[in-house]
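There are 2 protein chains.
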Amino acid sequence: MAKEKKFVEAITSMEDDFAQWYTDVVKKAGLVGYTSVKGCMVLKPAGYAIWENIQAQLDKRFKETGVENVSMPMFIPESLLQKEKDHVEGFAPEVAWVTHGGLEQLQERLCVRPTSETLFCDFYAKDIQSHRDLPRLYNQWCSVVRWEKTTRPFLRSREFLWQEGHTAHATAQEAQERTIQMLQVYGDFCEEVLAIPVVRGQKTDKEKFAGAEATYTIEALMHDGKALQSGTSHNFGDGFARAFGIQYTNPENKLDYVHQTSWGMSTRIVGAIIMVHGDNSGLVLPPKIAPVQVMVIPIQQAKEGVLDKAQEICGALKQAGLRVKVDDTDKSPGWKFSEQEMRGIPVRIECGPRDIEAGQAVIVRRDNREKTTAPIDQIGEYVEKVLETMQREMLERARKHLEEHTYEAADYETFQKIFQEKSGFVKAMWCGNQECEEKIKEDLQVTSRCIPFAEEHTADTCVCCGRPAKKMVYWGRAY
Amino acid sequence: MAKEKKFVEAITSMEDDFAQWYTDVVKKAGLVGYTSVKGCMVLKPAGYAIWENIQAQLDKRFKETGVENVSMPMFIPESLLQKEKDHVEGFAPEVAWVTHGGLEQLQERLCVRPTSETLFCDFYAKDIQSHRDLPRLYNQWCSVVRWEKTTRPFLRSREFLWQEGHTAHATAQEAQERTIQMLQVYGDFCEEVLAIPVVRGQKTDKEKFAGAEATYTIEALMHDGKALQSGTSHNFGDGFARAFGIQYTNPENKLDYVHQTSWGMSTRIVGAIIMVHGDNSGLVLPPKIAPVQVMVIPIQQAKEGVLDKAQEICGALKQAGLRVKVDDTDKSPGWKFSEQEMRGIPVRIECGPRDIEAGQAVIVRRDNREKTTAPIDQIGEYVEKVLETMQREMLERARKHLEEHTYEAADYETFQKIFQEKSGFVKAMWCGNQECEEKIKEDLQVTSRCIPFAEEHTADTCVCCGRPAKKMVYWGRAY
Numbered sequence: 000m001a002k003e004k005k006f007v008e009a010i011t012s013m014e015d016d017f018a019q020w021y022t023d024v025v026k027k028a029g030l031v032g033y034t035s036v037k038g039c040m041v042l043k044p045a046g047y048a049i050w051e052n053i054q055a056q057l058d059k060r061f062k063e064t065g066v067e068n069v070s071m072p073m074f075i076p077e078s079l080l081q082k083e084k085d086h087v088e089g090f091a092p093e094v095a096w097v098t099h100g101g102l103e104q105l106q107e108r109l110c111v112r113p114t115s116e117t118l119f120c121d122f123y124a125k126d127i128q129s130h131r132d133l134p135r136l137y138n139q140w141c142s143v144v145r146w147e148k149t150t151r152p153f154l155r156s157r158e159f160l161w162q163e164g165h166t167a168h169a170t171a172q173e174a175q176e177r178t179i180q181m182l183q184v185y186g187d188f189c190e191e192v193l194a195i196p197v198v199r200g201q202k203t204d205k206e207k208f209a210g211a212e213a214t215y216t217i218e219a220l221m222h223d224g225k226a227l228q229s230g231t232s233h234n235f236g237d238g239f240a241r242a243f244g245i246q247y248t249n250p251e252n253k254l255d256y257v258h259q260t261s262w263g264m265s266t267r268i269v270g271a272i273i274m275v276h277g278d279n280s281g282l283v284l285p286p287k288i289a290p291v292q293v294m295v296i297p298i299q300q301a302k303e304g305v306l307d308k309a310q311e312i313c314g315a316l317k318q319a320g321l322r323v324k325v326d327d328t329d330k331s332p333g334w335k336f337s338e339q340e341m342r343g344i345p346v347r348i349e350c351g352p353r354d355i356e357a358g359q360a361v362i363v364r365r366d367n368r369e370k371t372t373a374p375i376d377q378i379g380e381y382v383e384k385v386l387e388t389m390q391r392e393m394l395e396r397a398r399k400h401l402e403e404h405t406y407e408a409a410d411y412e413t414f415q416k417i418f419q420e421k422s423g424f425v426k427a428m429w430c431g432n433q434e435c436e437e438k439i440k441e442d443l444q445v446t447s448r449c450i451p452f453a454e455e456h457t458a459d460t461c462v463c464c465g466r467p468a469k470k471m472v473y474w475g476r477a478y
Numbered sequence: 000m001a002k003e004k005k006f007v008e009a010i011t012s013m014e015d016d017f018a019q020w021y022t023d024v025v026k027k028a029g030l031v032g033y034t035s036v037k038g039c040m041v042l043k044p045a046g047y048a049i050w051e052n053i054q055a056q057l058d059k060r061f062k063e064t065g066v067e068n069v070s071m072p073m074f075i076p077e078s079l080l081q082k083e084k085d086h087v088e089g090f091a092p093e094v095a096w097v098t099h100g101g102l103e104q105l106q107e108r109l110c111v112r113p114t115s116e117t118l119f120c121d122f123y124a125k126d127i128q129s130h131r132d133l134p135r136l137y138n139q140w141c142s143v144v145r146w147e148k149t150t151r152p153f154l155r156s157r158e159f160l161w162q163e164g165h166t167a168h169a170t171a172q173e174a175q176e177r178t179i180q181m182l183q184v185y186g187d188f189c190e191e192v193l194a195i196p197v198v199r200g201q202k203t204d205k206e207k208f209a210g211a212e213a214t215y216t217i218e219a220l221m222h223d224g225k226a227l228q229s230g231t232s233h234n235f236g237d238g239f240a241r242a243f244g245i246q247y248t249n250p251e252n253k254l255d256y257v258h259q260t261s262w263g264m265s266t267r268i269v270g271a272i273i274m275v276h277g278d279n280s281g282l283v284l285p286p287k288i289a290p291v292q293v294m295v296i297p298i299q300q301a302k303e304g305v306l307d308k309a310q311e312i313c314g315a316l317k318q319a320g321l322r323v324k325v326d327d328t329d330k331s332p333g334w335k336f337s338e339q340e341m342r343g344i345p346v347r348i349e350c351g352p353r354d355i356e357a358g359q360a361v362i363v364r365r366d367n368r369e370k371t372t373a374p375i376d377q378i379g380e381y382v383e384k385v386l387e388t389m390q391r392e393m394l395e396r397a398r399k400h401l402e403e404h405t406y407e408a409a410d411y412e413t414f415q416k417i418f419q420e421k422s423g424f425v426k427a428m429w430c431g432n433q434e435c436e437e438k439i440k441e442d443l444q445v446t447s448r449c450i451p452f453a454e455e456h457t458a459d460t461c462v463c464c465g466r467p468a469k470k471m472v473y474w475g476r477a478y
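These protein sequences, in sequence, are chains A and B.
Start counting the first sequence at 0; every next residue gets the next number (numbering that gives the first Met the number 0).
Start counting the second sequence at 0; every next residue gets the next number (numbering that gives the first Met the number 0).
With the rest of the complex left out, here is chain A:
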């Protein structure tokens, strides 16, 4: 019983120590495991299955917009990385270098890709010749490496899984449209599938991607009021095309440079799921992304007919297209409940001898513990309905949290006061100068998260310097 005891030990409460709560959940829900490779993580089955579901659903949405998958090498020769000046400055300080292959020293160092713009450009320079070859809408699912000093599971690790889309277009307008289109794909996916509301907007020049003309972002608010950049989409204009010589023959038979975009979402988003929906009993997974949506837990399972009925319910739910399991281990029901809750399985079904006699079972929602009694012969319909409602209400709850933790400030005193006393987004006007962003960062460890697409005019002057304001910005403390 030593092991049982260990598991049901309470996790740190999120009100006491949010960071420790996060670490506890990640471990006890079985998402991540031990590795002696510093700064890297093992995704255990429960963690990887979430990513597999994200991948499947996101990939489908990409393909519906015409995107095709490819696979690029993981190594970038140093000379290739250096071709675009801003890009190399942004990434060179944090890459891992391969210097030896087998027993020999390499003539040129190779870095392990931190992102693959340079590889795609190198490829496109040969692959694209005519306007008939455009657009190229390629994506890859892979891992990338960034040599981070401090790391946390999902949020920041030296290696992480992601997808990176890289497109090439004939015109600047097409590239801009694709940049926005993919950001909207991310935003819709987060809201519709992950039940995570996001603010969609543009990054300031200070915060944009190394080598991009413009970076767009979706920003989510975690339960502790900190922001998490959850997906980005970049418009490169023809900057990379000029550096790499990616030209095509236009219909007038003249050479033009292509216009490019890239966009990515990573396993970081699993961190967002945890920190938006989790509670003091552990993980809470939105039904649409949960690897197991329903756990059937038999009560007094030694009694005749109980396990059979549990299997019958499981079969009926599978029939209805749900992802379901029966916990028929020899643990106590109470232990099974807390395990199901820790793992964030959206719904559990309790079913004991008395329920069976009455021809019913009890459905318990993970998010609010609401109980419904359902006739066993209609269990599929009932559970489907509960899952739908839960998915919708999880989004509504997260949206309410976002709204309640989005403040407004017209002057610097109010702005500072909010960040000293509260936690969340602050909407405030900005003059457009980087000095104000730097001052705000220094004073408060707060960064500009984005200039939202849904722009508002909340004041006439910059919240920091008082000069005429140009843009309304969402500010926040970020992961």
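Restricting the straight-line Cα-Cα distance to at most 30 Å, the calculated cross-link-like pairs of lysine-lysine (DSS-like) are:
{"no.": "1", "chain 1": "A", "residue 1": "82", "chain 2": "B", "residue 2": "26"}
{"no.": "2", "chain 1": "B", "residue 1": "317", "chain 2": "A", "residue 2": "59"}
{"no.": "3", "chain 1": "A", "residue 1": "26", "chain 2": "B", "residue 2": "62"}
{"no.": "4", "chain 1": "A", "residue 1": "225", "chain 2": "A", "residue 2": "27"}
{"no.": "5", "chain 1": "A", "residue 1": "335", "chain 2": "B", "residue 2": "59"}
{"no.": "6", "chain 1": "B", "residue 1": "26", "chain 2": "A", "residue 2": "125"}
{"no.": "7", "chain 1": "B", "residue 1": "84", "chain 2": "B", "residue 2": "470"}
{"no.": "8", "chain 1": "B", "residue 1": "317", "chain 2": "A", "residue 2": "287"}
{"no.": "9", "chain 1": "B", "residue 1": "27", "chain 2": "B", "residue 2": "287"}
{"no.": "10", "chain 1": "A", "residue 1": "26", "chain 2": "B", "residue 2": "59"}
{"no.": "11", "chain 1": "B", "residue 1": "59", "chain 2": "A", "residue 2": "287"}
{"no.": "12", "chain 1": "A", "residue 1": "59", "chain 2": "B", "residue 2": "308"}
{"no.": "13", "chain 1": "A", "residue 1": "335", "chain 2": "B", "residue 2": "62"}
{"no.": "14", "chain 1": "B", "residue 1": "469", "chain 2": "B", "residue 2": "225"}
{"no.": "15", "chain 1": "B", "residue 1": "324", "chain 2": "B", "residue 2": "370"}
{"no.": "16", "chain 1": "B", "residue 1": "287", "chain 2": "A", "residue 2": "62"}
{"no.": "17", "chain 1": "A", "residue 1": "335", "chain 2": "B", "residue 2": "125"}
{"no.": "18", "chain 1": "A", "residue 1": "324", "chain 2": "A", "residue 2": "370"}
{"no.": "19", "chain 1": "A", "residue 1": "62", "chain 2": "B", "residue 2": "26"}
{"no.": "20", "chain 1": "B", "residue 1": "82", "chain 2": "A", "residue 2": "26"}
The hints are simulated quantities; they were obtained by calculation from the structure and are not laboratory data.
With chain A's structure known, arrange chain B on it following the hints.
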């Protein structure tokens, strides 16, 4: 028209130069693209889509046996790689070493995984405590790196995609059963999905995996009579467990070492598809794995109603669950035919004004160019039937090729003569001594491919040394 001309240029015929034919097909079918990363390849959409289909179908078969997916780091600290003596000797000479992270030199070198036994062992040593934790049936889809000197697309490259399963069991018997089970999964997948017949058997000690007690293999025969090792499954016994200290508490509360297996299949198998089924018009894809199964090619498409009818046919086939496209580009039908053939799309449907008037379309099989005329209103059923027949006949044809190129030799003279004059497998008895394997390799560049499960006794003495024979071995020249 310069581009059109370039494409329809004939590829090298396989009878003239099989290696050049292979390279031509790989390029012209759009499977692989240019990269300036030496020894690595870009999988273009047509190539990656084949791998995606392999992955989806193989993954399903794995999961049906209880396997779960995980994700491990790509780096292995040098000290970890060195823990199992045979293993490090086998792999150290061909790994890529990371020596710098960011601007700093690492305290310990990391190799980029050539395979992940050591990482899984390091993980299992912490993850497994009790017999209740067993078996562990984990798999990952990833890329691995081996610093090869000479490389060829799919067959041998410095980085390649694969899956690697790693399991841990309580008993030696369970591990042995899992080793064989996974080899059979590979064998069945090759035959049922890829239409590639394989010889299933055990590797000799000389050819087994570094660190394994026993290695099992599926061996396929290419069109040129050379063998391709297409999937392997290893039983490690408790060797790695002892080196890494992976122990569990058994039901009697005593510590035991686990028994382990690993098994892998890689993008190499795409090379097998090409070299088993391809012909002088290009790639021929088995219907079950083809990313596009049917290409509808309108004839005289400028004429009213032709394109509409092509789209209608396409819709009907999609309805039937098939993967189908219409080629409505402004190229000539002849060009479209050769493109569809080069890309190995299993079936094309030709449909012009006269066909439409007669309410019919022409179905052409890629493998033997057999034509069927089908009523348009029953096109789904007809095409499904053609694809089924084609899938079955491709396997039969490949099996016939395998049988016709499998020879028998009882003495060394016959053995040598066959390998001098012909190409294929030779079944011959072996004494069990490595010296004979070495002599055969030196004399003929021939290696032992496997000791087949379906063992035969074709002679009493070793084909090489004449001493009493122990095993019947399939011998061949291998990729």
